[in-house]
Amino acid sequence: MMKFIHKTASPPYFYHLSGLWIPWLGMITLLLLMAGLYGGLIYAPTDYQQGESYRIIYIHVPAAWMSLFIYIAMAGAGAIGLIWRIKLAETVAVCSAPIGAGFTLLALVTGSLWGKPMWGAWWVWDARLTAELLLLFLYLGVMSLYVAIPDKRVASRAVALLALVGVVNIPIIHYSVEWWNTLHQGPTVTKFDKPSIDLRMLVPLLIMAVAFKVYYVWSLFLRVRVELLERERNSQWVKELLKQNKESQA
Amino acid sequence: MTPTRKKRVFLISIMVVGIAIATSFALKAFNENLMFFFSVTDVKAGKSPAKKAFRLGGMVVDGSFKRKEKSLAAYFDLTDNESVITVYYNGILPDLFREGQGIVSKGHLREDGIFEAEEVLAKHDENYMPPEVADSMKAKKQALK
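Those protein sequences? They're chains A and B, same order as listed. At position 7 of the first sequence (counting the first as 1) the number is -7 in our numbering, and the numbers step up by one without a gap. At position 60 of the second sequence (counting the first as 1) the number is 1301 in our numbering, and the numbers step up by one without a gap.
No wet-lab data here; the hints were simulated from the structure. Check the hints yourself; a few may be wrong.
Chain B stretches covered by chain A per the calculated footprint, using a threshold of three residues with CB under 8 Å from any CB of chain A [said to hold, decoys possible]:
hint	region
1	1249 to 1261
2	1315 to 1327
3	1365 to 1372
The list that follows gives simulated cross-link-like pairs (lysine-lysine, DSS-like), each with its CA atoms no further than 25 Å apart [what the hints assert, rightly or not]:
hint	chain 1	residue 1	chain 2	residue 2
4	A	-11	B	1248
5	B	1248	A	102
6	B	1285	B	1307
7	A	73	B	1248
To give an idea of the interface, some chain A residues facing chain B are shown, with a C-beta separation under 10 Å as derived from the structure [unchecked claim]:
hint	residue
8	34
9	68
10	101
11	169
Ideal Cβ positions, reconstructed from N, Cα and C, are used throughout, including at glycine.
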């Protein structure tokens, strides 16, 4: 087991493996997105109260889930990097931040667009919204800290620490709607009871959630490959790769 | 695991647990301020600020909505199923505002016990269903009565 992990986590091997996976991941993302959007925008019935406006949940909810999921993945990879000093884990942590920041921004913007007609306000400072905004700042903090330190391995460690400090915000975001009175509604799907959403509306939502997850892996692989090449530019395997590339072009 | 790695695991867990404890104390201390609105019962019990503006949340009581003719001024009752308070609002109400709907309004308590709102926000609930399901649920409720 440890042997397998060490082999997969070695940069040249990962570079090779991810190259094989990327086209498939991209294709699966596209298919799931098409299925999810068709299901959400056309197949799913209209809501009894919100009419068609509720359909924004097919972007908003999966994006918000991803913003939390990617943060946990980033902090987890950061911790592994800190403890075992695995280069690949460090790279995964660093490359997750911009993707997570993107999803957080998407969740905030779509929520705001929905909030104006439904609540009557673009933005309110309730616990859920404020904690999610804080999450965006955490992501941006991670990204800027990383570029601020020239030595990339030192930078990775600093970033991992910051990410781990911010982990405390994740349960706050998730439980904010239960701990405090908020304008944001309570959980529909992620609770122990039966989801309080019609099955025909729920299925496209879950497809979108899976689509966003696969998109994350796809986008992460693309970013990690570039980051690995840059970090390992003086190592033997990158030089060999360059040589092969030149030969095939000539 | 080697001793150095064990030490790192230990230090990281101490850090995360420590921050979690510190944050939970901080949140506990600010608990009141983190509430986006006061419930009707809180206001009746005098927990809301007396002279300052605050937010009040509750359900609009069925059949309580009255609008003055040829104006936007409206009176309606809010409840949290324990107490009831009358709200006065002069302005445009959001799309989701209706009787039986949860709302949050910002304003202040007048001396006659009526809450004068400057802003009314609709609070959506976590239920999503097609109209025919909602109708059949309503019909079942009526049948039970």
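Going through the hints against the structure:
1. 1249 to 1261: With 7 residues closer than 8 Å to chain A, the region 1249 to 1261 of chain B meets the three-residue bar; holds.
2. 1315 to 1327: violated (count 0)
3. 1365 to 1372: holds (count 8)
4. -11(A) / 1248(B): holds (23 Å)
5. 1248(B) / 102(A): violated (51 Å)
6. 1285(B) / 1307(B): holds (22 Å)
7. 73(A) / 1248(B): holds (20 Å)
8. 34: holds (4 Å)
9. 68: It holds, given that the least Cβ distance between residue 68(A) and chain B is near 6 Å, below 10 Å.
10. 101: holds (9 Å)
11. 169: holds (6 Å)
Checked against the numbered hints above, the structure breaks hints 2 and 5 and satisfies the rest.
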